[in-house]
Amino acid sequence: MSKKKLTYSLNYRKPKAQYNSSDELMICIRYYHKCNTTNKTKVIKKSTGIKCKLNDWNSDWHKTPLRRPVKDTDPNHKKKNKLLKDQVKNFDFFDSSISSPNNNFSSALNSKLPVGSIDKKWINYKNSINLVSPANKRNIDVIVVGTGLAGGSAAATLAELGYNVKTFCFQDSPRRAHSIAAQGGINAAKNYQGDGDSTYRLFYDTVKGGDYRSREDNVYRLAEVSANIIDQCVAQGVPFARDYGGLLDNRSFGGVLVSRTFYAKGQTGQQLLLGAYSAMNRQIARGKIKMYNRHEMLDVVIVDGKARGIITRNLINGKIDRHSAHAVVIASGGYGNVFYLSTNAMGSNVTAAWKAHKRGAFFANPCFTQIHPTCIPVSGDHQSKLTLMSESLRNDGRIWVPKIIDDVVKIRNGNLSPTEISEENRDYFLERRYPAFGNLVPRDVASRAAKERCDAGFGINKTGEAVYLDFASAITRYGKEQALVNGQDESDKTNIEKLGKEIIKKKYGNLFQMYEKIVDQNPYETPMMIYPAVHYTMGGIWVDYNLMTTVPGLYAIGEANFSDHGANRLGASALMQGLADGYFVLPYTIGEYLSDEISTGPIPNDSEEFINAEKESIEKLDFFINNNGSKSVDYFHKKLGKIMWNKCGMARNKKDLELAITEISNLRNQFYKELKVPGDKNEFNEELAKAGRVADFLELGELFAKDALDREESCGGHFREEYQTKEGEATRKKEFQFVSAWEHIGEPKNAILHKEKLDYKNIEVKERSYK
Amino acid sequence: MKLKLKIWRQKNAKSKGKIVNYDIDNISPDMSFLEMLDVLNADLILKNDEPVSFDHDCREGICGSCSLFINGQAHGPDRLVTTCQLHMRKFNDGDTIYIEPFRAKAFPVIKDLVVDRSAFDRIQHAGGYISINTSGNTQDANSIPVNKNDADLAFDAATCIGCGACVATCKNSSAMLFVGAKVSQYSLLPQGQTEASRRVVNMVNQMDLEGFGNCSNTGACEVECPKGISLDNIARMNRDFIKAKISS
Amino acid sequence: MQTSIIKKFAMAISGLFLIIFLLQHFIINVTSIFSESIFNQFSHFMGKNFVVQFIAQPILIFGVIFHFVMGFYLEIQNRRATKYEYFKENGSANSSWMSRNMIWSGLVILSFLVLHFIDFWIPEMNYKYIEFLPDDPNRYYEELVHKFEMPWRVLLYCISFGLLSMHLLHGFSSALKSMGANKYYSKFVKNLIHLYSIGIPLGFCFIALYHFISHI
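Top line first, the protein sequences correspond to chains A, U and H. Just so we're aligned, residue 52 is where the first sequence starts under the working numbering, counting upward by one. Just so we're aligned, residue 3 is where the second sequence starts under the working numbering, counting upward by one. Just so we're aligned, residue 4 is where the third sequence starts under the working numbering, counting upward by one.
None of these hints come from the bench; they were simulated from the model. We treat Cβ as the ideally placed atom computed from N, Cα and C, and that holds for glycine. Possibly wrong hints are sitting among the right ones.
[Said to hold, decoys possible] Below, simulated EDC-like cross-link-like pairs (lysine to aspartate or glutamate); rule was C-alpha separation at most 20 Å, straight line:
1. A:K133 <-> A:D107
2. U:K245 <-> U:D234
3. U:K20 <-> H:E92
4. A:K513 <-> U:D32
5. A:K67 <-> A:E648
6. U:K150 <-> A:D294
7. A:K727 <-> U:D51
8. U:K13 <-> A:E734
9. U:K173 <-> H:E92
10. A:K822 <-> A:E780
11. A:K558 <-> U:D154
[Said to hold, decoys possible] Pair by pair, the computed Cβ-Cβ distance ranges are:
12. H:W124 <-> U:L211: 38 to 44 Å
13. U:I26 <-> A:D657: 45 to 51 Å
14. U:N23 <-> H:Y87: 17 to 23 Å
[Claimed, not checked] Some chain H residues flagged as far from chain U (calculated, every beta-carbon gap over 12 Å):
15. M14
16. F29
17. Q56
18. E92
19. K150
20. R156
21. L179
22. I210
Please construct the entire structure, taking both the sequences and the accompanying hints into account.
Here it is in structure tokens:
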């Protein structure tokens with residue numbers, strides 16, 4: 052059995068002698084715990100928020116039979132002692148998670164979930180979190196890497212609270228982070244539409260949408276704070292869409308049955324990011340945030356087991372800098388660019404997250420990738436990136452391919468136009484397979500269905516990888532409605548078409564225009580062509596309830612962490628998570644760690660650890676510059692993307708995944724031998740920056756494949772061909788109801804797996820069906 | 003397609019730049035303009051030459067990174083698009099294309115076609131925000147109804163992507179469309195009223211400090227703006243500014 | 004006067020003031036076509052009235068000088084803000100010629116004004132305040148007609164007013180915008196601006212041509 056020891060003490064902030072006997076001090080509980088598995092002693096420290104005067108403190112409490120630390124001279128001694136006892140009960144939960152009898156689940160992962168009923172957890176936890184006094188916050192530095200929705204909002208809020216914040220982004224301004232490209236909207240359980248929405252329902256939809264692979268407590272908290280986000284953003288001046296009554300408008304998104312998505316035309320991400328950026332601006336003006344633009348993080352520095360700073364490169368002049376702080380927050384987004392072609396920005400990269408992983412942070416569920424069904428198909432080899440068309444299009448667009456293979460051939464040869472195909476010869480495959488949700492099934496389901504049709508040979512463009520998204524019936528429907536409103540003839544087809552097109556233009560005008568610019572076809576006349584593309588990565592750095600990684604003092608928020616979306620993310624939830632983490636979660640939970648740092652003083656940046664980390668980074672840059680190869684960075688990136696897309700894409704199998712691991716490993720070797728980086732390291736050199744990023748993708752890709760190989764089930768965005776039903780639906784397995792957290796020890800393929808068990812106490816785990 | 007490119011090359015901020023000629027072949031009309039430059043760069047790297055640096059990121063017209071002055075126009079000949087959304091089908095086989103960086107005294111060149119637009123950030127720091135804290139219980143979002151027309155106008159102003167095309171195209175290098183859009187976004191909403199005067203004065207002062215020119219209402223910015231931000235925003239800023247000055 | 008917006012506001016105010024003056028000038032001049040005596044009466048009133056001569060006239064002169072000086076000052080400042088020239092610049096793709104060349108149309112108008120001063124204003128001042136010649140309420144019409152006898156002068160006059168029209172076509176609405184008027188003010192106002200900017204200079208040209216032709 053494990054050994055436990057419990058102590059109470061007073062939380063002295065200065066030498067004992069300097070206190071008066073009437074001074075009040077916080078009581079601190081320490082809980083020593085020895086695991087039977089590892090032999091390491093774990094200490095859990097908890098400041099309670101209960102105060103006690105110095106002369107009411109019984110320093111010999113452990114010698115008394117009732118072990119009460121507060122003497123009866125204190126008028127509230129009974130209440131205080133009882134509260135302390137209650138606090139101790141919390142530890143029993145940690146106890147079970149630490150010494151779980153099931154050795155499959157790792158003792159290295161302590162998710163620090165609070166106890167109690169799920170709807171009270173976050174409130175109670177917030178009440179018991181250690182706080183840092185305003186006077187002390189001034190002496191604490193926090194580094195935030197990445198300034199998208201999560202990083203920007205976190206930096207602003209932390210600075211507002213009084214911490215000294217340094218932000219880093221590789222773009223030339225925080226306003227350019229890729230959160231800006233989110234189109235559709237942001238979910239919040241406001242129930243403004245009165246359609247039965249609630250915190251629980253948002254929680255339920257998110258867990259179900261994530262195919263029961265997300266952590267219940269985190270998701271509930273996310274649903275809980277979602278409403279605050281809308282309040283906050285409106286107060287900040289984010290111009291959400293409104294009704295004529297002046298109140299906020301909502302739309303509905305895939306995988307849910309209520310309208311809870313707030314939006315600002317097709318530019319919601321932009322508006323929210325500008326909101327977070329404006330909050331940052333205010334703090335920059337106050338001098339609380341120091342902004343480092345066009346800076347790339349090259350490494351995170353660990354001193355005595357704690358994250359204490361980062362190494363950066365100034366992308367303009369190549370200068371390497373050491374930045375120290377008491378805590379480091381990684382908010383660098385997802386790693387979809389490992390596929391080369393994705394809807395991510397060209398610069399989006401995994402480097403910050405991967406460096407954290409290499410320095411000890413576990414990487415969770417890397418294989419959970421979201422492939423978005425409505426993107427503009429690839430047109431040729433030159434393509435550098437894919438463009439997303441908002442999911443909202445599926446509200447009115449119907450997805451189909453021809454029923455007859457001859458028609459497909461004719462279309463590909465240009466001998467037949469899709470509008471000439473009659474209704475009965477069209478296969479509306481989503482409506483056919485999923486009558487309940489139809490075209491609005493979640494993204495993973497829609498993407499796979501499109502792939503299934505294209506694999507069967509029904510793809511309608513030259514590459515055979517595209518399906519139609521057709522607005523003709525919506526145009527007629529809206530046209531008829533409008534004709535009725537106007538009191539016009541409902542049988543006048545040209546008029547109806549005209550009216551219908553006007554309505555569609557109002558709703559989706561900017562998207563239609565974007566499509567026309569890229570594809571050079573008029574989507575009002577011919578159906579759009581779409582195909583799935585990599586869009587979002589649910590996996591990321593493992594974090595506990597506090598959003599801290601396995602490295603003390605190192606936090607991960609937003610898309611960079613893994614916590615809330617499980618195996619598949621619902622539309623409009625990414626913005627919600629980024630802002631929830633940044634505005635409402637991290638700024639509180641970080642206090643739990645920083646309250647122990649108030650007497651640490653400034654962190655020196657000339658310690659051995661910093662100098663070594665800097666040296667390593669410089670050596671790597673030198674290597675790239677001096678490498679005498681013949682192939683450009685993009686050559687390798689494209690090759691990696693091909694391997695990832697073909698073998699770790701929408702459908703995976705054992706053979707291909709094993710092959711992928713070897714191929715990526717070989718490609719990585721080739722990369723280091725044959726890479727050529729032009730220019731110098733002390734100047735603006737995009738190729739050099741890209742080289743560093745691709746080097747990390749080449750490692751991540753391998754771990755990705757290994758994780759996919761290890762997860763022998765299908766769930767959410769992860770589909771293993773071996774595990775499917777006869778109808779081609781995913782087969783989930785109860786025994787894989789866990790988070791895979793990988794520990795880095797060298798080659799990615801040798802990473803050690805730690806499993807965090809996922810318990811669902813407040814939601815019944817069901818087969819996820821949208822039929 | 004075969005093209006002749008005349009591209010501005012400049013090693014760094016201090017060195018003198020010049021136009022360099024490149025010939026490029028096998029360009030597909032379906033390529034975006036930046037993909038055409040990718041092809042050129044891939045060529046240059048293989049030839050042991052230095053690739054052309056240019057700013058780009060999202061490549062879907064929203065981040066505002068890309069900033070090329072193509073054939074005498076910011077973001078090229080197409081309307082309501084950024085450079086990354088400009089496609090080669092807008093050009094003809096055999097065309098000569100001038101590619102220059104966005105030019106203004108306030109936008110110094112960093113390298114080749116990359117310019118420093120941090121002046122925009124500094125203008126925003128001067129007042130581009132509403133002073134509220136993240137409390138999590140600010141009043142309910144629906145407690146202040148906003149007239150739909152105002153909300154839409156505020157949104158239209160807020161769609162500015164901060165690319166700098168307005169400055170680049172303005173014969174006076176004036177940043178008034180950018181600042182006007184920022185000021186308007188807040189001044190059109192009830193939330194932004196409280197500090198409206200302070201905001202417009204501070205932002206305009208910072209704009210002047212950065213060395214941008216004055217506005218002579220030519221309207222070029224409005225035409226070249228990839229998001230179609232209206233010149234009305236400048237008029238609104240003028241109004242707000244004069245009002246603020248009179249009332250103070 | 005420090006901030007850019009105040010500068011352009013001042014530019015707009017002085018511009019609008021000159022626009023009003025121009026209208027008044029036109030109304031008086033146009034009477035010369037209909038009736039010699041009305042024109043003479045008006046001119047005599049303007050030339051003798053104390054308020055016009057010693058309050059309105061100095062303000063006008065200040066307005067003219069201010070508008071020009073400020074125009075040059077802003078032009079220099081704006082040129083400084085641009086610093087580098089593009090190798091290829093396609094300004095006509097996004098803006099009108101007159102909006103981009105206000106400084107040139109302005110310069111032409113300035114040189115015309117110099118001529119105008121030499122022609123009318125200086126002799127007038129000389130007549131009234133230096134040589135103190137006898138008051139003759141009927142001399143104005145004759146002087147006017149006399150000036151439009153020479154074809155080169157009429158031509159210059161017409162060219163200058165052509166440029167003034169261009170200057171006004173941009174300047175009038177630009178002044179309103181600088182003062183905070185919306186671009187999409189009512190169609191009526193827009194038409195009025197166009198009518199003014201084209202009609203008034205055309206009217207001046209017409210007066211000149213009328214006298215020139217009737218002289219022949």
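Discussion item. To test your reading of the hints: which numbers does this structure violate?
Written reply: Per hint list: 15, 18 and 21 violated.
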